[in-house]
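Engineer: Sequence:
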Amino acid sequence: MIALLDCNNFYVSCERLFSPKLKNKPVVVLSNNDGCVISRSNEAKELGITMGEPFFKIKKITKNLQIEVLSSNYSLYADISDRIMSILKKKFLEVEVYSIDEAFFYLNNKSKNEIICSEIAKKILKWVGIPVSIGIAKTKTLAKISNRVIKKKSNYKNIKFKYSNVLEIKSDEDLDYVLKNTKVADVWGVGNRLSNFLVNNNIKSALNLRDSNEDFIKKEKGILIKKTIYELRNIKCYQIEKELPVKKSICVSRSFGSKIYDYEHINRALIVYVHKAVIKLIKNNLFCRSITVFLKTSRYDEKIYSNSKTYKLLEATCDIRLIWKISKDILKFLYVKAFAYNKVGIILSNFSQRKEIQQSLIGDKLKNTTVKNEIKLMNVIEKINKKFGEGKIRLLANSDHRFFYTDEEPRVSWQMKSAFRSACYTTNWYDIPKVKVK
DNA sequence: TCTGGGGTCCTAGGACCC
DNA sequence: TCTGGGGTCCTAGGACCC
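Everything in the first sequence is counted per this note's numbering, starting at 1 for the first residue and increasing by one.
Since the hints were derived computationally from the structure, they do not count as laboratory data.
Cβ coordinates follow ideal geometry from the N, Cα and C atoms, glycine included.
Be a bit skeptical, because a hint or two may be false.
To be verified - Below, a list of computed lysine-lysine pairs in the PhoX-like style, where the Cα atoms sit at most 20 Å apart:
1) K112 / K180
2) K153 / K170
3) K204 / K226
4) K157 / K180
5) K386 / K376
6) K283 / K387
7) K417 / K59
8) K45 / K57
9) K122 / K91
10) K296 / K328
11) K280 / K387
12) K138 / K162
13) K162 / K112
14) K312 / K247
15) K45 / K59
16) K170 / K296
17) K90 / K242
18) K112 / K91
19) K280 / K372
20) K23 / K63
21) K283 / K247
22) K226 / K236
23) K112 / K90
24) K376 / K355
Said to hold, decoys possible - Computed beta-carbon distance windows for the label pairs:
25) M1 / A423: 35 to 43 Å
26) K180 / Y98: 40 to 48 Å
27) H265 / N155: 28 to 36 Å
28) N285 / K63: 42 to 50 Å
29) D82 / Y163: 38 to 46 Å
30) M1 / G191: 36 to 44 Å
31) S19 / D176: 41 to 49 Å
32) D186 / T310: 43 to 51 Å
33) K170 / E356: 43 to 51 Å
34) A423 / K386: 15 to 23 Å
35) E46 / K236: 23 to 31 Å
36) S413 / D176: 50 to 58 Å
37) H265 / Y74: 19 to 27 Å
38) D186 / M1: 16 to 24 Å
Using the sequences and the accompanying hints, generate a full structural model.
Structural biologist: Have a look at this one:
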């Protein structure tokens with residue numbers, strides 16, 4: 001059997017850990033740039049706040065209804081996630097960390113699955129303080145559905161729950177009932193496009209999908225949906241992937257705090273993202289051969305522009321000076337005056353490991369330093385930034401090789417909005433909560 | 001007038017996930 | 001005024017091979 005653990009309202013739950021005043025109150029957490037609602041407490045859900053709602057549309061409502069609003073604090077959430085995953089990995093051999101708040105794992109103990117899961121949920125609540133739900137089934141897709149049933153109990157009134165936060169659907173009648181009361185759009189792997197197609201073909205529930213003609217749907221929509229249909233029929237198509245897959249691309253991009261027309265400003269934003277991307281590259285021990293830069297306006301604007309370009313190197317690199325030089329050139333190519341830009345970003349891809357780097361026969365003119373030095377250089381910069389603060393030292397935007405150190409906190413137009421950010425309670429020495437003892 | 005059959009590899013774009 | 005960020009996989013079609 002496969003279990004899926006999912007943290008309840010994860011980001012909100014993390015915020016509540018260090019801010020007890022948020023308990024039992026309606027709370028929402030916003031996406032980067034304070035753009036959309038991406039996590040809601042049960043109280044906020046009851047007040048009708050929907051997932052993905054743009055914040056500016058509900059700003060007034062949150063004030064009137066006294067909903068607590070927070071910017072997202074990813075270093076906090078990542079750290080809390082690590083704690084939960086390590087508890088799971090200690091108890092179970094094969095754990096797949098599927099996302100920041102979800103994990104799949106195998107269960108072997110036929111009769112005791114629910115008890116075992118209930119105990120681990122209790123332990124996580126006690127040790128970390130985060131409430132979780134665990135759905136159990138034969139396939140990943142059904143474990144996902146099982147988990148969903150726990151969170152939407154009122155939609156599944158016929159199901160009798162032994163535990164409040166753990167569920168294994170055991171009988172065929174119960175499974176049919178659950179699938180019948182689950183919309184096809186709520187099945188894992190069925191997105192917007194697919195659900196429109198299915199509903200138009202009179203496949204409205206998960207039960208309809210399970211009992212549909214899989215060959216017809218495969219012909220129209222590809223192999224993935226056929227696997228989903230099999231999984232609904234209790235046939236495993238996806239195993240638990242214990243090993244972390246090797247990265248195939250690294251992307252860093254942000255929406256600007258406000259729109260930018262000016263090339264120079266975009267350039268200064270891009271170098272910060274390039275720096276972050278190269279740090280990621282080195283942390284993963286990778287070298288890239290493709291560098292893509294993209295530039296866009298908001299898709300909600302009247303005058304829309306979106307373009308990208310990829311440069312391919314002859315030899316893989318992790319040298320920020322080379323990567324920046326290329327990125328800068330691409331940006332120059334992409335930039336057109338007269339648009340109100342909203343976002344710029346860099347994607348590194350076409351990776352190789354150090355030992356597999358293919359040396360170019362004719363040599364890369366742009367390259368002028370050895371691999372060893374490239375890594376040494378970036379590690380020193382990373383160390384300095386860790387010690388003195390992020391972004392203190394980085395490559396000069398208008399130079400190919402000079403670095404600079406800055407002591408000022410720049411507040412410029414491209415910086416993200418993050419007006420309601422909580423402290424990094426567990427990842428920054430200065431933010432550790434102080435406790436008063438009477 | 002009339003021009004084969006069987007492959008591989010790469011890429012861009014679409015669709016999906018959290 | 002204001003609508004996230006970071007990924008993966010699949011597919012069709014082009015370009016190429018003999």
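Engineer: A separate judgement is required for each hint: does it hold in the structure or not?
Structural biologist: Each hint tested on the structure:
At most 20 Å may separate the alpha-carbon atoms for a hinted pair to count; K112 and K180 exceed this at roughly 27 Å. Between K153 and K170, the direct Cα distance comes to roughly 16 Å. Compliance with the 20 Å bound is thereby established for this hinted pair. Using a Cα cut-off of 20 Å, the hinted pair K204 and K226 holds, with the two alpha carbons roughly 16 Å apart. Simply put, K157 and K180 have alpha-carbon atoms about 13 Å apart, close enough for the 20 Å limit, and the pair holds.
Of the supplied pair hints, the one linking K386 and K376 holds, its CA atoms being roughly 15 Å apart against a limit of 20 Å. Of the supplied pair hints, the one linking K283 and K387 holds, its CA atoms being roughly 17 Å apart against a limit of 20 Å. Our distance criterion of 20 Å between C-alpha atoms is met by K417 and K59, whose separation comes to about 15 Å. With a CA separation close to 16 Å, the supplied pair K45 and K57 stays within the 20 Å bound.
At most 20 Å may separate the alpha-carbon atoms for a hinted pair to count; K122 and K91 meet this at roughly 13 Å. Annotation: proposed proximity of K296 to K328 holds, straight-line Cα distance about 16 Å (limit 20 Å). Between K280 and K387 the CA atoms are separated by roughly 18 Å; this keeps the pair inside 20 Å, and the hint holds. With a CA separation close to 19 Å, the supplied pair K138 and K162 stays within the 20 Å bound.
Distance check on the hinted pair: K162 and K112 sit about 12 Å apart at the alpha-carbon level, within 20 Å; holds. Between K312 and K247, the direct Cα distance comes to roughly 18 Å. Compliance with the 20 Å bound is thereby established for this hinted pair. Between K45 and K59 the alpha-carbon distance is near 15 Å, which keeps this suggested pair within the 20 Å criterion. For the given pair, K170 sits about 50 Å from K296 by alpha-carbon distance, which is inconsistent with the 20 Å threshold.
A distance of roughly 13 Å separates the Cα atoms of K90 and K242; the hinted pair therefore holds under the 20 Å criterion. Straight-line distance between C-alpha atoms of K112 and K91 comes to about 15 Å, which keeps the hinted pair within the 20 Å bound. Taken as a hint, the K280 and K372 pair is honoured in the structure, with Cα atoms around 17 Å apart against an allowance of 20 Å. Distance hint between K23 and K63 is fulfilled; the C-alpha atoms sit about 18 Å from each other, no more than 20 Å.
Under the criterion of a C-alpha separation no larger than 20 Å, the hint pairing K283 with K247 is consistent with the structure, at around 11 Å. About 12 Å separates the Cα atoms of K226 and K236, which keeps this hinted pair within 20 Å; it holds. Using a Cα cut-off of 20 Å, the hinted pair K112 and K90 holds, with the two alpha carbons roughly 18 Å apart. This hinted pair checks out: K376 and K355 have alpha carbons roughly 17 Å apart, not beyond 20 Å.
Range check, M1 to A423: Cβ separation about 40 Å, and the 35 to 43 Å hint holds. Between K180 and Y98 the beta carbon distance is about 26 Å. The supplied range of 40 to 48 Å is therefore violated. For H265 and N155, the hinted distance range of 28 to 36 Å is not satisfied, since their beta carbons lie about 49 Å from each other. A hinted range of 42 to 50 Å for the beta carbons of N285 and K63 is consistent with their spacing of about 48 Å.
Restraint check, D82 to Y163: a C-beta distance of roughly 26 Å breaks the suggested window 38 to 46 Å. Checking the proposed 36 to 44 Å range against M1 and G191 shows it is violated: the Cβ atoms sit about 27 Å from each other. Take S19 and D176: their Cβ atoms lie about 43 Å apart, and the range 41 to 49 Å holds. Checked against the hint of 43 to 51 Å, the C-beta distance between D186 and T310 comes to roughly 36 Å, which is inconsistent with it.
The beta-carbon spacing between K170 and E356, approximately 49 Å, falls within the hinted interval of 43 to 51 Å. Between A423 and K386 the beta carbon distance is about 18 Å. The supplied range of 15 to 23 Å therefore holds. For the pair E46 and K236, the supplied restraint of 23 to 31 Å is violated, since their beta-carbon distance comes to about 37 Å. Taking 50 to 58 Å as the suggested C-beta distance range, the pair S413 and D176 conforms, at roughly 56 Å.
At roughly 25 Å, the beta carbons of H265 and Y74 sit within the given window of 19 to 27 Å. A hinted range of 16 to 24 Å for the beta carbons of D186 and M1 is consistent with their spacing of about 22 Å.
Consistency with the previously given hints fails for numbers 1, 16, 26, 27, 29, 30, 32 and 35, ordered from lowest to highest.
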